[in-house]
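Number of protein chains: 2
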Amino acid sequence: MTDNEGSTAAPGVFRFELLGTDGKARTGVIHTPRGQIRTPAFMPVGTAGTVKAMLPESVRATGADIILGNTYHLMLRPGAELIDRLGGLHRFMNWPRPILTDSGGYQVMSLAELRKLSEEGVTFKSHIDGSRHTLTPERSMEIQRLLGSDIVMAFDECTPWPADEATAAESMRLSMRWARRSREAFGDRPGHALFGIQQGSVYRDLRAESAERLREIGFDGYAIGGLAVGEGQERMFSVLDYAPDMLPADRPRYLMGVGKPEDIVGAVARGVDMMDCVLPTRSGRTGQVFTRRGVLNMRNARHREDPRPIDEHCACPACRHYSRAYLHHVHRAGEIIAAMLLTWHNLHYFQELMAAMREAIANGRFADWQRAFEAERAAGDIEPL
Amino acid sequence: MTDNEGSTAAPGVFRFELLGTDGKARTGVIHTPRGQIRTPAFMPVGTAGTVKAMLPESVRATGADIILGNTYHLMLRPGAELIDRLGGLHRFMNWPRPILTDSGGYQVMSLAELRKLSEEGVTFKSHIDGSRHTLTPERSMEIQRLLGSDIVMAFDECTPWPADEATAAESMRLSMRWARRSREAFGDRPGHALFGIQQGSVYRDLRAESAERLREIGFDGYAIGGLAVGEGQERMFSVLDYAPDMLPADRPRYLMGVGKPEDIVGAVARGVDMMDCVLPTRSGRTGQVFTRRGVLNMRNARHREDPRPIDEHCACPACRHYSRAYLHHVHRAGEIIAAMLLTWHNLHYFQELMAAMREAIANGRFADWQRAFEAERAAGDIEPL
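Same order as they appear, the protein sequences are chains A and B. Be aware that the first sequence starts at -13, since it is given in our numbering, and climbs by one per residue. Be aware that the second sequence starts at -13, since it is given in our numbering, and climbs by one per residue.
FYI, nobody ran anything at the bench for these hints, they're computed from the structure. Treat the hints with care, as some may be off.
Which copy? The list can't say, so a pair holds if one copy fits it or any two copies do.
[Claimed, not checked] Derived SDA-like pairs: lysine to any residue, alpha-carbon spacing no greater than 25 Å straight-line:
#, residue 1, residue 2
1, K111, A319
2, K111, E321
3, K111, R290
4, K102, R63
5, K111, G320
6, K111, R285
7, K102, H113
8, K111, E124
9, K111, A287
10, K246, N283
11, K102, E170
12, K10, A301
13, K246, R306
Here chain A stands alone, though its shape is the one from the complex (with noise of 0.2 Å):
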C-alpha cells in the first residue's frame, strides 16, 4: 500500500484533493488522519461493527480504504456510549482506517417500529429488544461523535419513493432544517468531517433548492439521498445527469446506497466520487457473485461440477484456490466458508472496479473503458462448460 505516498495534506486534517477529471468523472485523494481514500471510492457497509463474513485485514486486502458503520444498528446494541467507553469504533472493531457513519435517519425509518416523526426528529421503537429511543440531529451528531467517525453524515428524512413533488419539497425542507441543526451540533472538531445531504426526489428544482441551502450552511463533502430507494436506473441517472453538477466540486461528492456495478460505473460518470453498498456483502451470503461478465448464483446447480474458478482472472483468495463446484457445495451445505469466499470475492471486484476507473480517468480514457466495461458485460454470463 502506497497510502501516504504523495500527501500533501497537513497531519490532521481533513482535505479533498482533485487529481483529474475525465468529463463529468473525477478522480481524487481524500485525506484524513485515519489515511487516505482514493476516489472514487467504494465504501463496504459495516453495520453492526463488522462487515459481515470478513476479517477487516481482508476487507483492506480487498483495497477498501474506508468502511461505512450504521449508526442505527450500534446505537442499539452494543450502544454509542459504550463504544465510546471501549475506544471507539475503530479500536472496536478494529479497523484504523476511515469510518463513515450514517445518521441514522434511513435506517430508522426502514427498520424501527413505531416510528413518530416530528420537526424536532425521530421517536421509534428498537426492532431488536423493543426499548423506546429518540433521534434528533443533536443525538445523531453525538452518537457520531461518540463512535468516532470520520465523516459524520447530517440527520436527515431519506424522502420516500415514490413522492408527488409537494411531499418531497416538505420532506426536503425537514431535511435543510436539519441540516443547519447538524452542523451546529457538529461544531468543529479538526481531522473529521461532516457531510450534508441533498434531497428532493427527482424534481430538478427542489434537487436546486436543497443544495442551495447546504451550500448556504457549508459542509465538507455532499452525498446525494433519495435515490436508490426502488426509482430504477433510469430515473437515478436522470437525476444523476444534474444533481452532482449542483454540489460544489471542491468537495467530495457522496451517491449514498448504490449499488449495482453499472450503476456505480454510471453515477462516476455523472461525477460522483463517493458509494456505498450492502450489495456485494449481502449477495456473498446468498450465493450471488459479481464479474466481469455480469452475476452468477452460486446455488445454481450447473455449477455442481464445474472445476473452473468463478472467474479466472481473479486475483481474490475464492477465485485462485477453489472451483466453483466447491463454492456451490458449501453454499448449498449452509457452510460459514462459503459466505466468507463470495463475500471477499464480491468484495474484490468492487474494488477492482473502482481501481480500474480511478486509472482509466487518470489516463484521460474513462469513455473508452466504459465502452469495455458495457461490452464485456453485453458479452454475457460467463460461458458454460
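Take the given structure of chain A and dock chain B to it, following the hints.
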C-alpha cells in the same frame, strides 16, 4: 514451519517415528507424502469439506498438521465420485496436507434414518435428502480412496453406550470381521495408511481380544473406538489405563472423538498419539471459548463491557485484536465474525496445548507440565474485572 527438517522417511512412505517417551506419554512424527504430523496431534474436524468458519490457511496457522473429513457427510453431499473427478478432497477444499477420513460407520448410526445393520454392512436413508445408501467395509474403503484420504479408517460399528458385555462382544466381533474385510479391500496403497479400530466398550477382556484380532490383521495405526460416547471421563480414563498398551508401540494410537482439554491431556498421559473432536469448532459457533483457566461463554452479560482479550497470553487474532466486549457483541448479534474469531481462538488453544505437551514429553517433564496444567485450571475461570 520446519515440516521437513530432520525427516528420515523415504518419500512417498507412511511411517511413524517415535521420538521420545515420558512415562506412558509419547511424542513422535508421522511421515506422510503430504507432510509430517507431529504427535501428540489434535485433528480439527472438517466435516463437509470445510473446518467450519475457518479458511484452511487459518487452520494451518493455528498449528494443525492434519484435519479429519467425514465419509458419511461427503458421500451424501457432494458425493465421493464427484470429489474424485474434481481431483480429490485435498484439492477440493484447498487443504494440501494430510487428511484422515473416518469410515462413515459412526455417523450412519448417529445421523442417518431407517438404519439397518447386517453382516454385510449398513443400509440407511440420507438425513439430507432421504436417498437410500449402503455402507459396507468395501464401499467405505472405496469412498475413502475416492476422497484421496491419507489415513483411512476401517469400517466398524461404534458400540453404543451403555452396552452389556454380551452385546459389546457381539458388536466388537462384527467390527473385527469388518476390519479384516476393510484390510482386504484397502489393498496395497503406498503412502496411504489404514488404521484398525479397537472396540470392546469398557470390558478389558473384550479390548484385549479386539487388539489381538487387529494385530493379527495388521494395520498402519490403531484407533481406540467406542469411547467418548457418554461413559464419562472416569470410565474413559479407566479404559485408557490399559487399552493403549494393548496396541503395538511402534504404530500411532488414535483416540476417536476426544475431547475436552482435560480429556486430551489425560489421554496423552496414557499413551495416546492422535485425537479429533468437534468441540473447538462447534463451541466457537455457540460462544464457548477455551482458556488456560477453563471455559468462558462469550454470550454471558458480564463480558458486555470488558476491554480485555479472552486471554492476554494468547497470540490468536481474536485475542490480539479484539476485546471480550466486541466478541460478546458480535456473538449476540449473530455476526459470522463471531464464529470466525472464536473458532480460531479455540483451534489455536487446542494446538498450543498439543505443542506444549510435545515439548514437555520431549524434555522428560510431562508430569510437571501436567501438574501445572491442572493447577492453572484449578485456579478457576479468568477473573472478571
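For this session: Hint by hint, work out which the structure violates, then give me just those numbers in ascending order.
Result: 12
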